[in-house]
Amino acid sequence: MNAPLFSASNLRKSFGGIAAVNDVSLCIQAGQVIGLIGPNGAGKTTCFNLITGLYTPDAGQLAFKGKPYKPASPHHVAEMGLARTFQNIRLFKSMTALENVAVGMHAKTSQGVLGAILRTPAQRREEIKVQKQAMHWLHYVGIGAYSNHLAGQLSYGDQRRLEIARALASEPALLALDEPAAGMNATEKLKLRELLLQIRHDGKSILLIEHDVKLVMGICDEVTVLDYGKVIAQGTPTQVQQSPAVIEAYLGGLHHAESRE
Amino acid sequence: MNKLANRHQQIIGFLLVAVALAALPWVAGLIGNSWVRILNIALLYVMLALGLNIVVGFAGLLDLGYIAFYAVGAYVYGLLASPHLTDNFETIAALFPDGLHLSIWLMIPLGALTAALFGVLLGAPTLRLRGDYLAIVTLGFGEIIRLFLNNLNAPVNITNGPQGINMIEPVQIAGVRFSRTVDLFGIEVPALHLYYYLFLALTLLIILVCMRLQNSRIGRAWTAIRDDEIAAKSMGINTRNMKLLAFALGASFGGVAGAMFSAFQGFVSPESFGLMESIIVLCMVVLGGMGHIPGVILGALLLAGFPEMLRQVVTPVQEFLFGTVLVDAEILRSLIYGLTMVLVMLYRPNGLWPQRK
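Just so you know, the protein sequences line up as chains R and G, in that order. Anchor point for the first sequence: position 179 equals 179 in the working numbering, and the numbering is continuous, going up by one each time. Anchor point for the second sequence: position 133 equals 133 in the working numbering, and the numbering is continuous, going up by one each time.
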């Protein structure tokens with residue numbers, strides 16, 4: 001078997017006395033869609049922040065494309081080809097949708113101060129490329145019509161899509177999505193599902209945190225379930241759904257609630 | 001056809017503005033030479049406001065010590081274009097027996113570079129700070145520079161302390177000294193007007209640089225940092241480098257303005273670089289519209305011209321009405337200044353001429 005695209009082993013992170021992430025290991029093969037689920041406060045987002053360099057892990061190793069990396073700086077992680085979105089949407093609100101996506105291309109472009117001031121041919125070529133590519137990604141996620149709208153003026157679902165477009169613009173090998181369906185209605189979720197399948201079809205790997213079990217079970221190759229910072233199950237969606245530990249911790253609450261009626 | 005007509009209109013508009021800007025000092029000179037002086041000072045403030053706009057408006061880093069870079073530029077020029085260094089240091093006097101007479105084309109970049117260096121010096125320790133905390137540190141930095149200038153006359157006399165540096169040489173370009181009226185192609189051009197054209201050229205250059213930076217990869221990165229630093233980092237922006245770049249570039253414009261101030265006045269002292277100056281430049285940026293270049297220029301012109309206007313009007317009007325001066329122009333100025341700021345913040349919180357989106 002090939003070396004995995006991404007692997008995390010024995011990640012650990014504590015805040016004060018609480019171990020938010022405790023001994024978590026993850027492995028993603030190229031082209032896979034991996035789900036990361038768990039009840040609220042299970043440590044999913046903390047896990048994400050460790051992987052993308054916003055937090056420094058207390059212990060554990062991370063590797064991307066076979067090379068270990070120290071997640072000290074988020075911009076370095078982005079340059080490697082690991083792009084992310086945020087659970088609580090973090091768009092650049094004073095910029096247009098197009099400009100937001102253009103910022104996503106920052107790591108893939110190189111023009112500096114002198115190029116900008118002198119408007120060198122290379123800078124102009126790059127700028128045309130940026131505009132064209134950004135427009136392409138807006139169309140790709142289906143919001144091309146809103147390219148000149150301010151990011152903050154878009155509808156909630158479109159803001160989520162814009163975040164995905166911005167992440168895609170850096171041409172990542174692995175796309176990490178933090179609850180992309182949060183707050184979406186059923187139609188929007190369906191469209192999101194199509195988009196995710198399209199992204200996967202175009203050869204990108206996805207790491208997906210999601211609350212919507214149906215969405216996760218439908219598109220993920222493998223699912224990792226977290227509870228209280230620990231991995232309690234790992235496997236195909238069917239395997240995970242049948243795991244007693246998952247039913248206990250994740251679906252168990254629901255089960256009890258139903259039995260009480 | 002329509003496009004061509006538009007192009008023609010643009011060219012005509014451009015020419016009209018160019019003629020108006022070129023004629024401005026002559027018109028102002030008709031009223032009095034002091035008005036040309038005011039124009040020149042206003043242009044210096046435009047340069048300063050545009051520089052601060054890069055830090056505050058583009059990158060969103062609140063800087064309350066910006067005038068320090070103006071001071072650095074002014075003292076670099078002051079020291080290198082006056083007999084102060086050769087008078088006080090024998091080694092320098094031995095090296096330059098005729099005194100330091102550097103070309104203006106060397107002095108302007110030198111002022112900009114030194115100020116940029118100080119910009120990085122201020123930026124580096126404050127990278128993790130934002131908002132109020134950054135404001136306090138930058139405020140301290142501004143005061144430190146001023147105090148250094150004030151006290152660096154002992155044990156070695158570098159800045160001549162509170163007395164300041166005197167006898168600074170005026171600008172000299174292509175053999176033309178900007179000190180008295182010169183004969184240019186048969187036209188008698190006063191030195192004040194020469195300075196106006198020089199400042200105008202520099203201001204236009206700075207405007208061009210600002211506009212090009214704003215619409216570039218760098219400008220987008222700054223805006224991204226201003227809007228959401230964590231998201232900016234996650235998009236692959238090296239926020240440390242981008243912030244330092246903003247500090248350095250912003251400071252370099254301040255340095256250029258400082259060097260020009262020094263040459264124009266012929267004298268610099270630490271008094272000119274107090275906290276109040278920093279605040280006034282910040283007010284220009286905020287009043288005009290943070291991050292919007294035309295707005296910032298408007299803010300700078302208004303706040304630089306307004307007190308002078310008041311000074312010219314208040315005393316004569318009171319003398320005419322009451323036969324005596326009841327309220328000093330200076331007091332009235334502070335009052336109106338404060339009131340304007342409060343009203344603008346209440347009714348136009350984004351500035352007088354904000355970015356239209």
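Please note that the accuracy of each hint is not assured.
[Unchecked claim] Going by beta-carbon spacing under 7 angstroms, a handful of chain G positions derived as facing chain R:
#: 1; residue: Pro125
#: 2; residue: Arg128
#: 3; residue: Gly131
#: 4; residue: Asp132
#: 5; residue: Leu204
#: 6; residue: Ile207
#: 7; residue: Met211
#: 8; residue: Arg212
#: 9; residue: Ser216
#: 10; residue: Gly236
#: 11; residue: Ile237
[What the hints assert, rightly or not] Here chain G is said to cover these stretches of chain R; the calculated rule only asks that three of the stretch's residues, wherever they fall, bring their Cβ under 8 angstroms from a Cβ of chain G:
#: 12; stretch: 3-16
#: 13; stretch: 21-34
#: 14; stretch: 63-73
Because the hints were derived from the structure by calculation, they are not lab data. Note that CB positions come from ideal geometry on N, CA and C, so glycine has one too.
In rising order, the numbers of the hints this structure does not comply with: Hints 1, 2, 3, 4, 5, 6, 7, 12, 13, 14 contradicted; others consistent.
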